[in-house]
Amino acid sequence: MKMPTLLFDQWQFCPGLGSTLTTLLLLPFLVYLGIWQLQRWEEKLQLQNTLENRGKASPIILSSPHDQADLKKILNKEGDLQKIRFRQLEVSGHFLNTKQILVDNQILEGKVGYRVITPFLPKGDPKILLIDRGWIPLGQDRHTLPTIMPIIEEITLLGIINFPVNGLILKKEIHPLENVWPQRVQSLDFQVLSTLMQATLYPFLLQLNEKNSYEFSLLPTSFSISAARHLGYAVQWFTMALVIFIYFLVINSHRLNAKPQQHY
Numbered sequence: 016m017k018m019p020t021l022l023f024d025q026w027q028f029c030p031g032l033g034s035t036l037t038t039l040l041l042l043p044f045l046v047y048l049g050i051w052q053l054q055r056w057e058e059k060l061q062l063q064n065t066l067e068n069r070g071k072a073s074p075i076i077l078s079s080p081h082d083q084a085d086l087k088k089i090l091n092k093e094g095d096l097q098k099i100r101f102r103q104l105e106v107s108g109h110f111l112n113t114k115q116i117l118v119d120n121q122i123l124e125g126k127v128g129y130r131v132i133t134p135f136l137p138k139g140d141p142k143i144l145l146i147d148r149g150w151i152p153l154g155q156d157r158h159t160l161p162t163i164m165p166i167i168e169e170i171t172l173l174g175i176i177n178f179p180v181n182g183l184i185l186k187k188e189i190h191p192l193e194n195v196w197p198q199r200v201q202s203l204d205f206q207v208l209s210t211l212m213q214a215t216l217y218p219f220l221l222q223l224n225e226k227n228s229y230e231f232s233l234l235p236t237s238f239s240i241s242a243a244r245h246l247g248y249a250v251q252w253f254t255m256a257l258v259i260f261i262y263f264l265v266i267n268s269h270r271l272n273a274k275p276q277q278h279y
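Residue numbers (the working numbering): 16 to 279.
In case anyone wonders, no lab produced these hints; they're calculated from the structure. Incorrect hints may appear among the rest.
Said to hold, decoys possible - Heads up, simulated DMTMM-like pairs for lysine to aspartate or glutamate below, C-alpha to C-alpha not over 20 Å straight-line:
#, residue 1, residue 2
1, Lys98, Glu124
2, Lys71, Glu169
3, Lys138, Asp95
4, Lys59, Asp85
5, Lys98, Glu58
6, Lys71, Asp82
7, Lys138, Asp85
8, Lys126, Glu58
9, Lys98, Asp119
10, Lys138, Asp119
11, Lys142, Glu168
12, Lys88, Asp140
13, Lys87, Glu58
14, Lys59, Asp82
15, Lys71, Glu105
16, Lys142, Asp82
17, Lys87, Asp140
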């Protein structure tokens, strides 16, 4: 099949059938992928803004009967739990200092350590709330667990509602069968911990912020969302489409005084 020939001053554009069909197949597909990634980028940006705005909203007061009732309705619907993630939460009570939990393989500024999770008993509430107090270094001897100084008095904590952030799981974890504390774990299993503590746990963590004096080195809050990644993918797909189109033009163009190449 003979393809049409176009003349541009001293240049002749005579596309080959094979390169034309290949370009017509690839270009729309690559452009579609780029547009799809742009849409994903916009969706992730909107979701990230929503989550960030939750942190600026007035905190949920766990001791407030009104907030307790609203929280109970949310907890009764598993799908609604995500709606309060990153909301601020204020709670009064005391730490259960004898039940410390150390999440292993947590990295901060290139150093390995533990994420300290201390159970907390809210005032007038039988449920236990796990408090994410931040990061502490591993220390010299891995066989010796760090000592967490107890806090005896009743305190008020402020932080954000979040879900467990587990460390690098190096091997399949065998859940502890003995009630031995502190517990060093690679991941937080609320059901196992509830059994060990013989108490009901709230199905989320309270991640302390810098306004508390009971935190350790704060780990950055992860939204588990990478909008920039989708933008990068979109740029890659559009770039590939542009490269293929330019290549199609180059291999099918030649000067009129030059011997035409045969294209397939």
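Hints and how they fare:
1. Annotation: proposed proximity of Lys98 to Glu124 is violated, straight-line Cα distance about 31 Å (limit 20 Å).
2. Between the alpha carbons of Lys71 and Glu169 the distance comes to roughly 26 Å, so the proposed pair goes past 20 Å and is violated.
3. Of the pairs offered as hints, the one joining Lys138 and Asp95 is violated, with about 25 Å between alpha carbons and a cut-off of 20 Å exceeded.
4. This hinted pair does not check out: Lys59 and Asp85 have alpha carbons roughly 27 Å apart, beyond 20 Å.
5. Restraint check for Lys98 and Glu58: satisfied, since their Cα atoms lie roughly 16 Å apart, inside the 20 Å limit.
6. Note on Lys71 and Asp82: the hinted pairing holds, with a Cα-Cα distance of about 17 Å set against a maximum of 20 Å.
7. Using a Cα cut-off of 20 Å, the hinted pair Lys138 and Asp85 holds, with the two alpha carbons roughly 18 Å apart.
8. A C-alpha spacing of about 34 Å is found between Lys126 and Glu58, which places the hinted pair above 20 Å, so the restraint is violated.
9. For a cut-off of 20 Å, the pair hint linking Lys98 to Asp119 is broken: about 28 Å separates their Cα positions.
10. Proposed proximity of Lys138 and Asp119 is contradicted: the alpha carbons are some 30 Å apart, above 20 Å.
11. Among the hinted pairs, Lys142 with Glu168 is consistent with the structure: their alpha-carbon atoms are about 19 Å apart, no more than 20 Å.
12. At most 20 Å may separate the alpha-carbon atoms for a hinted pair to count; Lys88 and Asp140 meet this at roughly 16 Å.
13. Of the pairs offered as hints, the one joining Lys87 and Glu58 is violated, with about 29 Å between alpha carbons and a cut-off of 20 Å exceeded.
14. Note on Lys59 and Asp82: the hinted pairing is violated, with a Cα-Cα distance of about 29 Å set against a maximum of 20 Å.
15. For the suggested pair Lys71 and Glu105, the alpha carbons sit about 13 Å apart, so the restraint of at most 20 Å is met.
16. The suggested pairing of Lys142 with Asp82 holds, with an alpha-carbon distance near 15 Å, which does not exceed 20 Å.
17. Proposed proximity of Lys87 and Asp140 is supported: the alpha carbons are some 12 Å apart, at most 20 Å.
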